[in-house]
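In the order they appear, the protein sequences are chains A and B.
Basically the numbering used here = 1-based index in the first sequence + 160.
Basically the numbering used here = 1-based index in the second sequence + 114.
There's no promise every hint is true.
[Claimed, not checked] Computed from the model, here is a short list of chain A residues facing chain B with C-beta under 7 Å: (1) G208; (2) D211; (3) D212; (4) Q235; (5) A236; (6) A273; (7) K274; (8) S281; (9) E310.
[What the hints assert, rightly or not] Computed spacing ranges between beta-carbons, pair by pair: (10) B:L119 to A:E206: 36 to 46 Å; (11) A:D364 to B:A126: 55 to 65 Å; (12) A:A280 to B:L119: 54 to 64 Å; (13) A:A236 to B:R327: 17 to 27 Å.
The hints are simulated quantities; they were obtained by calculation from the structure and are not laboratory data.
Even glycine gets a Cβ: it sits at the ideal position worked out from N, Cα and C.
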Amino acid sequence: MRALAALAGLALLAGCGSGGTSALTIAAASSLTGAFTECGGDARLEFGGSDDLAAQIRQGVGIDVFAAANMKLPQALAAAGKAGKPVPFATNRLVLAVPLDSRIGSIDQLADAKLVVGAASVPVGDYTRQVLARLPAARRRAIEGAIRSEEPDVKSIVGKLVTGAADAGFVYASDVVASRKLKSIALPAKLQPTVVYGISIVHDSAKARAFVASVLHGNCAGSLRKAGFGPPPG
Amino acid sequence: MTERLFPYAVAAATAVAVAFLALPVVAIFTHSSPGRLVSALGDASARDALRLSLETAAIAVAIVVLVGTPAAWLLATRRFPGRTLVITLVELPLVLPPAVAGLALLVAFGPDGLVGGGLEDAGIVLPLHTAAVVVALVFVAAPFHLRQAQAAFASLDPGPLEASRTLGAGPARTFLRVAVPAARGGLVTGAALALARALGEFGATLMFAGSLRGVTRTASLAIYDRFGTDIDGALALSAVLVAAAAALLVTVRLVGERRAAR
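Extracted from the complex, chain A is given alone in its bound form:
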């Protein structure tokens, strides 16, 4: 009898492991947490650094839809035959985030600050490096010298800022809106990188297509605009 119960338990476990039959599994960039949680319905949502999520998809983890904070990562997955062709669905702006009471007012006041950025492999860190590369060498070095941590995703950067562990960090404008404890300092227009989010279908299904449609011009598009994301380019 007990053996039967154990077997039933094991079967149940296996059922969970295969993700059930109906729920859609969506892997999305950390910065999409607020918007997708609001509009995701009964989908299973996994948030993380886009690079880590892409690596999971490469390892064959059962993900149906991939929403990344750039086009590069989903394009690479498509080129490797691991996912469909990505479509741009939102834009964002990179900003310098500081606590509400901070006296830092521009990216040139970071020399004595504790600055946290994204690791080079995660989109937010990639965009940050694009910004720094556009600066003259002396200004760039002053900012690079202030970097105290390279975090795996935006949530981790915001966490360091709201707990006071760091003074400033490069994140997306939408992260600052979501945190409510930070203010954003806009970057000069000529430094602003093009931040375009791409979505691709990893395992095709009617549900997956419906979700992508909602992200492009449905319920989720509304949640994205509300969270501070811009409409896709073009």
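Following the hints, position chain B against chain A.
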């Protein structure tokens, strides 16, 4: 019926357990070619991460042994009100989720934390510095040593301890010359387990100390950093940590067997 099947059931359970537990470890070594793993370790940032792990773990375990051993002696030999509560408190980090540990350290020792302001006034800023890694490692690893050391002291034969005192040795001398040498097996085991836990620490370090090459990015953090872009590099560092963990477990086992043989 049950009696006849039992030996098969036990064998099957063992086979399942061993296969399930060993398979992921084996996969670390087989997913990529050994040549690629070795060449990934030649990477300077991988060596930085391993060196930082080794240094911070060694410092953390030294602190744990120096402070934890006398504390374990007191907890093992004295009875006082609230003793159970104290023991529970110091063992709590053993079962705390790493994310909880990281957050707890931030709200305790961070700039806005419980004592962080005072620390800052004293010129000590922990988060995002190597010292924060050591603090995180001490927090998560200390209970391993405290537990083992307490058990070792509690199981000492009271005879020699009494004799030492009757012969006029003070409590300090009795502790250092009689108790510590007699309990050294348990103390070494405790230190080895603490070192293993420290080398594997991830979540609390990331949250409290951050992740910067050569400063706070230990081997575990470097594995996570590489996961997205450099799976060979991540596997190579993992292989080193597996080897270190295995070596520490073998040490613990050998020490245990020697104690049992005595």
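### Query
At the C-beta level, are B:L119 and A:E206 separated by a distance inside 36 to 46 Å?
Distance hint for B:L119, A:E206 holds at roughly 42 Å.
### Query
Does the CB of A:D211 sit less than 7 Å away from some CB of chain B?
The hint holds - A:D211 has a Cβ within 7 Å of chain B, the shortest such distance being about 3 Å.
### Message
Given a cut of 7 Å on the nearest C-beta pair, is the interface hint for A:Q235 held or broken against chain B?
### Response
15 Å, violated
#### Entry: Interface hint status, A:S281 versus chain B (Cβ within 7 Å)
4 Å, holds
### Task
Grab the minimum C-beta distance from A:G208 to chain B and call the hint holds if it beats 7 Å, violated otherwise.
9 Å, violated
### Task
Mind checking the CB of A:E310 against every CB in chain B and telling me if the closest is under 7 Å?
This interface hint holds because 6 Å falls under the 7 Å limit.
### Task
Double-check A:A236 for me: the hint is only fine if its C-beta lies closer than 7 Å to a C-beta in chain B.
For A:A236, the interface hint is violated, since the closest Cβ of chain B sits about 10 Å away, which is over 7 Å.
### Query
Could one say that the CB atoms of A:A280 and B:L119 fall in the range 54 to 64 Å?
Roughly 57 Å apart at Cβ, these two residues keep to the hinted range, so it holds.
### Query
Lying within 17 to 27 Å: is that true of the beta-carbon distance A:A236 to B:R327?
24 Å, holds
#### Entry: Cut-off 7 Å, beta-carbon criterion: hint that A:A273 touches chain B
11 Å, violated
### Query
Can the hint on A:K274 be confirmed by a CB-to-CB distance to chain B that is less than 7 Å?
Cβ of A:K274 sits 6 Å from chain B, so the hint holds.
### A:D212 as an interface hint toward chain B, with CB separation required under 7 Å
Interface hint status for A:D212: holds (5 Å vs cutoff 7 Å).
Checked against the numbered hints above, the structure breaks hints 1, 4, 5, 6 and 11 and satisfies the rest.
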